[in-house]
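K.L.:
Below, each chain spelled out in residue letters.
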Amino acid sequence: MNGPHDLGGQHGMGPIAPEWNEPTFHAEWEKRALGITLSCGAFGAWTLDESRHARESLPPATYLSASYYEIWTRALETLLKRHGFLTEAELDAGRMLDKWREPKRVLAADMVAGVLAKGAACDRPVEAPPRFAAGESVRTKNFNPESHTRLPRYARARRGVVEAVQGSFVFPDDNAHGRGENPQWLYTVVFGAREIWGEGADPTHTISIDAWESYLEPL
Amino acid sequence: MSEHRHGPGEEHGHHHDNHLTDMEARVKALETVLTEKGLIDPAAIDAIVDTYETKVGPRNGARVVAKAWSDPDFADWLRRDATAAIASLGFTGRQGEHMRAVFNTSETHNLIVCTLCSCYPWAVLGLPPVWYKAPPYRSRAVIDPRGVLAEFGLNLPAEKKIRVWDSTAELRYLVVPERPAATDDLGEDALAKLVTRDSMIGTGLALSPEAFR
Chain A
1 MNGPHDLGGQ HGMGPIAPEW NEPTFHAEWE KRALGITLSC GAFGAWTLDE SRHARESLPP
61 ATYLSASYYE IWTRALETLL KRHGFLTEAE LDAGRMLDKW REPKRVLAAD MVAGVLAKGA
121 ACDRPVEAPP RFAAGESVRT KNFNPESHTR LPRYARARRG VVEAVQGSFV FPDDNAHGRG
181 ENPQWLYTVV FGAREIWGEG ADPTHTISID AWESYLEPL
Chain B
1 MSEHRHGPGE EHGHHHDNHL TDMEARVKAL ETVLTEKGLI DPAAIDAIVD TYETKVGPRN
61 GARVVAKAWS DPDFADWLRR DATAAIASLG FTGRQGEHMR AVFNTSETHN LIVCTLCSCY
121 PWAVLGLPPV WYKAPPYRSR AVIDPRGVLA EFGLNLPAEK KIRVWDSTAE LRYLVVPERP
181 AATDDLGEDA LAKLVTRDSM IGTGLALSPE AFR
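From first to last, the protein sequence lines are chains A and B. For the first sequence, the positions run 1 to 219 when the numbering used here is used. For the second sequence, the positions run 1 to 213 when the numbering used here is used.
List time: in silico BS3-like cross-link candidates among lysine-lysine, alpha-carbon distance up to 25 Å:
#1 K99/A x K28/B
#2 K104/A x K37/B
#3 K81/A x K37/B
#4 K133/B x K55/B
#5 K28/B x K104/A
Per the computed footprint, the stretches of chain A lying under chain B, defined by three or more beta-carbons under 8 Å from a beta-carbon of chain B, are:
#6 13 to 24
#7 65 to 73
#8 93 to 105
#9 110 to 121
#10 147 to 153
Reference excerpt, derived from the structure (chain A facing chain B, CB under 10 Å, subset only):
#11 E30
#12 L34
#13 I36
#14 L38
#15 R55
#16 E77
#17 L80
#18 A164
#19 Q166
#20 F169
#21 V170
#22 P172
#23 L186
#24 I196
#25 A201
#26 A211
The set of hints was computed from the structure by calculation and includes no laboratory data. We treat Cβ as the ideally placed atom computed from N, Cα and C, and that holds for glycine.
Kindly generate the complete structure, drawing on both the sequences and the hints.
P.N.:
Structure, rendered in structure tokens:
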């Protein structure tokens, strides 16, 4: 979707403002927001891709004015309601009022170390050989789905070169919407800054994205 | 966002104590309801927070870089199969499942960003800093990397090539900065102290040993 999250190349967002000796968290609620988000992810009720889509679907003014833990929290409320784990009335009341769905898994304290150390790999085998090889010139497609995609707007309809075939991975454009993992080959594609940003771009500057096979067409 | 001011698209008002900010109240309501239902374990949340406050952070990545500087065979492994090479040091798991190491050279400087969200190599760097997840860095890193680096106090020579890696998939990138001069006599532990978090994102360089004099 062409949402507020697709920020590459936007102007007017202000200075970076790095904070020296930044603490891991800036408030107690951020710690709880992290822990609640990861704990609910462990239910197995939605995918990381669906989570990302819930975040980028926040109203643009909310998204752009929120800290990232606020974005996570607001999106998590959406996911929990969508999947039947809590209701709007309960969020308003701050207590349990309704029935809820039992998750596949509840993350207990003694499971945390193992779950975090294991992670969740997203590579999956595909039968067909890769369509493109390293060194090949390609063009990214031009499309503007209202649904989830990981092809940023700045990198659509651009000519680049495949630098590496990175293996085959779950396809987020389908997986975010419950249409299955449908894995595809993934490629690192490099673009000159002039191809992306046009006249006056720095000739020493290149940009790469990681692109699923269906984002690309041969040149 | 100011206290008690509800954002666009948010119709409901949460009941909460007046001294709580809106986010404190929202998160407290969530944790309370989910705990009452047995859906979350507050002790698990404590364990997650402890993991990223005390166990998983940029010291992990610094050990990877120091070993790559010291051991050519390890550097070669890191280039070919970063996930396995990093796992051999005990760093695995969430947001480090598919690692790629990119090496700075005298010719090319690498910079990592996630323009679409906040993808970051947790297993080696811990949780991302606020600026990494915020619109200024995410919008500008791909269009004006030299201007971004200058805001970190890093002014690269004009002829130095800049490669920006936008983390659009599940690959997570670790920059291996150039080894500083006059470090030939340093062991891995001493070298690791020169490796900053920002140098592994590409918004900084490794420190020179004089920084510790």
